[in-house]
Amino acid sequence: MVENTDKTQAVAISAKDLPLHCPPPGAPLWARHPRVFLDILKTGEAVCPYCSAHYVFAGERPKGHH
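The sequence shown begins at 1 in UniProt numbering and counts up by one.
Keep in mind that a hint or two might mislead.
[Said to hold, decoys possible] Result set (SDA-like, lysine to any residue): computed pairs, CA atoms no more than 20 Å apart in a straight line:
1. K42 to R61
2. K16 to T43
3. K16 to G44
4. K63 to I40
5. K63 to L20
6. K42 to L18
7. K42 to A58
8. K42 to V56
9. K63 to E45
10. K16 to V56
11. K42 to G59
12. K42 to G64
13. K16 to G64
14. K16 to G26
15. K63 to D39
16. K16 to A27
17. K16 to I40
18. K16 to G59
19. K42 to K63
20. K63 to A12
21. K16 to D39
22. K16 to H54
23. K42 to A10
24. K63 to D17
It should be emphasised that the hints constitute simulated quantities derived from the structure, not laboratory data.
Go ahead and model the full structure; you've got the sequences and the hints to work with.
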């Protein structure tokens with residue numbers, strides 16, 4: 001997953017980043033909030049309800065997911 005320092009840009013997510021949750025692994029302590037899992041495969045994008053980070057799915061969808 002690409003680290004997003006500019007909150008106006010979307011963070012690109014690939015199949016290897018699933019299941020998607022925010023904050024992402026390795027987020028600095030000051031950027032932490034309760035972990036929330038986001039369903040990015042339904043529409044191809046998701047927004048965190050805590051920090052408003054915008055995630056967009058890029059690449060091939062994983063096999064076996066609906």
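Consistency of the hints with the structure:
Annotation: proposed proximity of K42 to R61 holds, straight-line Cα distance about 11 Å (limit 20 Å). Of the supplied pair hints, the one linking K16 and T43 holds, its CA atoms being roughly 18 Å apart against a limit of 20 Å. With a C-alpha separation of about 15 Å, the suggested pair K16 and G44 falls inside the 20 Å cut-off, and the hint holds. For the given pair, K63 sits about 15 Å from I40 by alpha-carbon distance, which is consistent with the 20 Å threshold.
Between K63 and L20 the alpha-carbon distance is near 16 Å, which keeps this suggested pair within the 20 Å criterion. Between the alpha carbons of K42 and L18 the distance comes to roughly 13 Å, so the proposed pair stays at or under 20 Å and holds. This hinted pair checks out: K42 and A58 have alpha carbons roughly 13 Å apart, not beyond 20 Å. Restraint check: the Cα-Cα separation between K42 and V56 comes to about 11 Å, which is no more than 20 Å; the hinted pair holds.
Distance restraint check for K63 and E45: the Cα-Cα separation of roughly 18 Å lies within the 20 Å cut-off, and the hinted pair is therefore satisfied. Restraint check for K16 and V56: the C-alpha separation of about 14 Å stays at or below 20 Å, so the hint holds. Using a Cα cut-off of 20 Å, the hinted pair K42 and G59 holds, with the two alpha carbons roughly 14 Å apart. Pair hint K42 plus G64 holds up; C-alpha atoms about 14 Å apart against a cutoff of 20 Å.
Pair hint K16 plus G64 holds up; C-alpha atoms about 14 Å apart against a cutoff of 20 Å. A hinted pair counts as satisfied when its Cα atoms are at most 20 Å apart, and K16 with G26 qualifies at roughly 16 Å. At roughly 16 Å between alpha-carbon atoms, K63 and D39 fall within 20 Å of each other, so this suggested pair holds. With a C-alpha separation of about 17 Å, the suggested pair K16 and A27 falls inside the 20 Å cut-off, and the hint holds.
Using a Cα cut-off of 20 Å, the hinted pair K16 and I40 holds, with the two alpha carbons roughly 13 Å apart. A hinted pair counts as satisfied when its Cα atoms are at most 20 Å apart, and K16 with G59 qualifies at roughly 10 Å. A distance of roughly 14 Å separates the Cα atoms of K42 and K63; the hinted pair therefore holds under the 20 Å criterion. With a C-alpha separation of about 19 Å, the suggested pairing of K63 with A12 holds against the 20 Å cut-off.
Using a Cα cut-off of 20 Å, the hinted pair K16 and D39 holds, with the two alpha carbons roughly 14 Å apart. Of the supplied pair hints, the one linking K16 and H54 holds, its CA atoms being roughly 18 Å apart against a limit of 20 Å. Simply put, K42 and A10 have alpha-carbon atoms about 17 Å apart, close enough for the 20 Å limit, and the pair holds. For the suggested pair K63 and D17, the alpha carbons sit about 14 Å apart, so the restraint of at most 20 Å is met.
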